[in-house]
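Student: Using the sequences and the accompanying hints, generate a full structural model.
Chains as they are written, first to last, in the working numbering: chain A, 1 to 412; chain B, 1 to 412.
One thing to keep in mind: the hints can contain errors.
If chains are identical, the list can't say which one is meant, so a pair holds when it fits in one copy or spans any two.
As the list claims (entries may be wrong) - Okay, derived cross-link-like pairs now, DSS-like style, lysine-lysine, Cα gap no bigger than 30 Å in a straight line:
no., residue 1, residue 2
1, K387, K398
2, K290, K84
3, K292, K84
4, K311, K365
5, K399, K365
6, K311, K387
7, K399, K311
8, K30, K387
9, K399, K340
10, K290, K6
11, K387, K340
To be clear, the hints were calculated from the coordinates, so they are not data collected in a lab.
Protein chains: 2
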Amino acid sequence: MNTALKGNCLIGQSGGPTSVINGSLYGIIKAARESDAIERIYGACYGTQGILSGNIIELTDLSEEETELLPTTPSAALGSSRVKLCEFGDDDTDYRTIYELFRKYNIRYFFFIGGNDSMDTCDKISRYFRTVDFECRIFGVPKTIDNDLWGTDHCPGYGSAAKYVATTMLELYEDAAVYGYPQVVIVEIMGRNAGWLTASAALSRINGHGPDLVYLPEVPFSVGEFLNSVGDHLARDESVLVAVSEGVMDEDGVYITDYSAETKYIDTFGHIQMGGLGSMLKSMVINRFKAKTRSIELSLLQRCAGHIASKTDLDEAIMVGRAAVEYALEGKSGYMVGIKRVSNDPYASEPELLDLAKCANYENKVPLEWILPGGAGVTEEFIEYMKPLIQGEVTVPKKDSLPVYARLGVIE
Amino acid sequence: MNTALKGNCLIGQSGGPTSVINGSLYGIIKAARESDAIERIYGACYGTQGILSGNIIELTDLSEEETELLPTTPSAALGSSRVKLCEFGDDDTDYRTIYELFRKYNIRYFFFIGGNDSMDTCDKISRYFRTVDFECRIFGVPKTIDNDLWGTDHCPGYGSAAKYVATTMLELYEDAAVYGYPQVVIVEIMGRNAGWLTASAALSRINGHGPDLVYLPEVPFSVGEFLNSVGDHLARDESVLVAVSEGVMDEDGVYITDYSAETKYIDTFGHIQMGGLGSMLKSMVINRFKAKTRSIELSLLQRCAGHIASKTDLDEAIMVGRAAVEYALEGKSGYMVGIKRVSNDPYASEPELLDLAKCANYENKVPLEWILPGGAGVTEEFIEYMKPLIQGEVTVPKKDSLPVYARLGVIE
Numbered sequence: 001m002n003t004a005l006k007g008n009c010l011i012g013q014s015g016g017p018t019s020v021i022n023g024s025l026y027g028i029i030k031a032a033r034e035s036d037a038i039e040r041i042y043g044a045c046y047g048t049q050g051i052l053s054g055n056i057i058e059l060t061d062l063s064e065e066e067t068e069l070l071p072t073t074p075s076a077a078l079g080s081s082r083v084k085l086c087e088f089g090d091d092d093t094d095y096r097t098i099y100e101l102f103r104k105y106n107i108r109y110f111f112f113i114g115g116n117d118s119m120d121t122c123d124k125i126s127r128y129f130r131t132v133d134f135e136c137r138i139f140g141v142p143k144t145i146d147n148d149l150w151g152t153d154h155c156p157g158y159g160s161a162a163k164y165v166a167t168t169m170l171e172l173y174e175d176a177a178v179y180g181y182p183q184v185v186i187v188e189i190m191g192r193n194a195g196w197l198t199a200s201a202a203l204s205r206i207n208g209h210g211p212d213l214v215y216l217p218e219v220p221f222s223v224g225e226f227l228n229s230v231g232d233h234l235a236r237d238e239s240v241l242v243a244v245s246e247g248v249m250d251e252d253g254v255y256i257t258d259y260s261a262e263t264k265y266i267d268t269f270g271h272i273q274m275g276g277l278g279s280m281l282k283s284m285v286i287n288r289f290k291a292k293t294r295s296i297e298l299s300l301l302q303r304c305a306g307h308i309a310s311k312t313d314l315d316e317a318i319m320v321g322r323a324a325v326e327y328a329l330e331g332k333s334g335y336m337v338g339i340k341r342v343s344n345d346p347y348a349s350e351p352e353l354l355d356l357a358k359c360a361n362y363e364n365k366v367p368l369e370w371i372l373p374g375g376a377g378v379t380e381e382f383i384e385y386m387k388p389l390i391q392g393e394v395t396v397p398k399k400d401s402l403p404v405y406a407r408l409g410v411i412e
Numbered sequence: 001m002n003t004a005l006k007g008n009c010l011i012g013q014s015g016g017p018t019s020v021i022n023g024s025l026y027g028i029i030k031a032a033r034e035s036d037a038i039e040r041i042y043g044a045c046y047g048t049q050g051i052l053s054g055n056i057i058e059l060t061d062l063s064e065e066e067t068e069l070l071p072t073t074p075s076a077a078l079g080s081s082r083v084k085l086c087e088f089g090d091d092d093t094d095y096r097t098i099y100e101l102f103r104k105y106n107i108r109y110f111f112f113i114g115g116n117d118s119m120d121t122c123d124k125i126s127r128y129f130r131t132v133d134f135e136c137r138i139f140g141v142p143k144t145i146d147n148d149l150w151g152t153d154h155c156p157g158y159g160s161a162a163k164y165v166a167t168t169m170l171e172l173y174e175d176a177a178v179y180g181y182p183q184v185v186i187v188e189i190m191g192r193n194a195g196w197l198t199a200s201a202a203l204s205r206i207n208g209h210g211p212d213l214v215y216l217p218e219v220p221f222s223v224g225e226f227l228n229s230v231g232d233h234l235a236r237d238e239s240v241l242v243a244v245s246e247g248v249m250d251e252d253g254v255y256i257t258d259y260s261a262e263t264k265y266i267d268t269f270g271h272i273q274m275g276g277l278g279s280m281l282k283s284m285v286i287n288r289f290k291a292k293t294r295s296i297e298l299s300l301l302q303r304c305a306g307h308i309a310s311k312t313d314l315d316e317a318i319m320v321g322r323a324a325v326e327y328a329l330e331g332k333s334g335y336m337v338g339i340k341r342v343s344n345d346p347y348a349s350e351p352e353l354l355d356l357a358k359c360a361n362y363e364n365k366v367p368l369e370w371i372l373p374g375g376a377g378v379t380e381e382f383i384e385y386m387k388p389l390i391q392g393e394v395t396v397p398k399k400d401s402l403p404v405y406a407r408l409g410v411i412e
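Tutor: Now the structure itself:
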């Protein structure tokens, strides 16, 4: 093994944006610049799409100013896509395109920042390169607000989204309680199959009021039981704050959103674009109780709210980016860099190597033992797990009191 | 006139919450404590409702700790209501109740923090007390995210809501641009009759990207022209970021939301509870263009986002509260304290006395000359007016990185 493999590196970002994905990009760029082996640093524009179409930019000489703006720039500064690769055993057309591109740019180090689907892409490319005569060290770097990647204690992006959700719940409690008569506020939170982000709404209880009802997709959702729970609060003249995952399903595995005729959209990974659950539940509550009811869909806001990012989350996003480069320089390849919790109080974590194929194929869900019996809340164990991940404030550079973001020439 | 009128003061909060309404409460409490004339400080729980039902708490000895938490506590710490008083010439039942309450508690100073409807209530109480044998000095203290109070350069609460909106637009632009293909993102913003808050979305352009289309209720909204404008962007392969007021109407004065059969709710002031416009427009865009489209309703989030309040706004909220007490101690009564802009660069403002009756009866809308021809944007004059109002950061006291709020014993 040639640990001093010289050549260039390519970085891609893929999947849904987060507040700190550019922190990982920053960590990779910083570590790559410090190495003697990595010569030029390239970025793939719009993830896999840019790799396939040859839409590549050079970041080697990115100015200090833009580089330092990266950690606090939300979304994905290189652009993203949700392109899915088939198995190269079935059709290697795309893989040959990638091979040619990597040869052309002498890409010896490839870092792909993303979630489950991106790890699938990364794993396929990694396996393909083991079959060809061109050494390229390939690493997945995790990011997802869904926190559902296998093997890692948690995922960069989750802590910041969770902090936004928990802060918002505290603010909404103040607002919902203001009129002195019971109101129902239903907050719809992202997370297709895993309820981590919805569960984080309950964090607000460590500092005031948490939601009264928290519904995760890990356990069946019953419309009848939901309405009964809301009714119990209203009968006691109490407001009701509800956090519900967009992906809740009934006992038969039917999405609750499928109960309505609203339009659904299917992305290129075959995932249904969710939404509209909150307004469905709102209608049901109004029909049953005539209570004042609001439904609030946190939508894109929860994944791009860089202004309230978690310092811990951002630091770890940078850490996994750096670690990927360092592991690759040691000669390793075909891994995702996970986060290992070394201690909880005081909180400490370190990077660890995880099997990319497993990360590509398994989803990490909220353990059932952390969900309250009856399925409308989470335990103290969850709160203890979660609390360290939202700690610390990030200072976003501002001009005229509005944030200033990095510009890499992709998103203009 | 007895400028050294001794007695107690009563403070009420009314109407919709803002991020800084408790700043005004803080200003009043601080100034009242400093005066020799004001002995006890009372708070009316849930605004007019608490005044009518005798639900009064004492704040004289509120701890230093809770007092200092007030400025950064969003919503309304005393609770609020939207109770409407009839004219006392028609029926003075409620007014006699208020008179008895004021006598019982020896209320010689009454401060009512609210928007248009609250100024109407305050004006009526003020006029009534001129007809009775009990001197009480009465002041309206402005608050509204809608910025539509007559006479004042702007209203406390607006700057912070605007800062939330502008920051959110910058974050959403990053997110919407990430996939490299055109997306339509429609953001629905509060403001029933006045477009000030929707216009503030355009502030984001001073620091990056503003919305492409901004629709205020001051000018007629045409669904056809909206779709054509969206289509023009999509034809150029560009994403479209739209900011639209919940209250836009067509040329005949019909709310666009009335085009759909969605349920509406009418509050006790006879105002329609809006909402659902964004999803209506989203459906129209999808039906016409099949483009990827999101609609995001900022809902309650925009009025309670204390975590991103404007320091200028908070300082002015405190200033008008203090000034109300000081004016009252000078013997004045029957005014609302407005904000006068003394200079724009560097920005400076001072309190001024405004006729309460006029504040009760007129609405301040966005000047038509600040709206672009065609009605889908705002001019630089608006940006210059608005920019100073969002400046400066507020540090919210936190525990475990989540905000800690004041507790007055009303909202628990």
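Student: What label fits K387 with K398 when the C-alpha limit is 30 Å: within, between, both, or neither?
Tutor: Both: 28 Å inside a chain and 13 Å across chains, each within 30 Å.
Student: Could you figure out if K290 and K6 sit no more than 30 Å apart (CA to CA) within one copy, between two copies, both or neither?
Tutor: So K290 and K6 fail the 30 Å test inside a copy (69 Å) and across (47 Å) alike.
Student: Quick one: K399 to K340, C-alpha cut-off 30 Å, is that within a copy, between copies, both, or neither?
Tutor: between (37 Å within a copy, 25 Å between copies)
Student: When Cα atoms must be at most 30 Å apart, do K292 and K84 count as within-copy, between-copy, both, or neither?
Tutor: For K292 and K84, the Cα distance is within 30 Å only across copies (18 Å; inside one copy 44 Å).
Student: At most 30 Å between alpha carbons: which applies to K311 and K365, within, between, both or neither?
Tutor: within (24 Å within a copy, 41 Å between copies)
Student: With identical chains treated as interchangeable, where does the CA-CA distance between K399 and K365 reach 30 Å or less: within a copy, between copies, both, or neither?
Tutor: This pair counts as between: shortest inter-copy Cα distance 28 Å, intra-copy 40 Å.
Student: For K30 and K387, with the copy left unspecified, which applies at a CA distance of at most 30 Å: within, between, both, or neither?
Tutor: Only inside one copy: K30 and K387 sit 29 Å apart there, 36 Å across copies, limit 30 Å.
Student: When Cα atoms must be at most 30 Å apart, do K399 and K311 count as within-copy, between-copy, both, or neither?
Tutor: Both ways: K399 and K311 sit 21 Å apart in one copy and 15 Å across, limit 30 Å.
Student: Is the C-alpha distance from K311 to K387 at most 30 Å within one copy, between copies, in both cases, or in neither?
Tutor: both (13 Å within a copy, 28 Å between copies)
Student: Have a look at K290 and K84 and pick one of within, between, both or neither, based on CA distance no larger than 30 Å.
Tutor: between (46 Å within a copy, 22 Å between copies)
Student: My question is about K387 and K340: at a cut-off of 30 Å on alpha-carbon distance, are they close within one copy, between copies, both, or neither?
Tutor: within (16 Å within a copy, 45 Å between copies)
Violation of the numbered hints given earlier is confined to hint 10; every other hint is satisfied by the structure.
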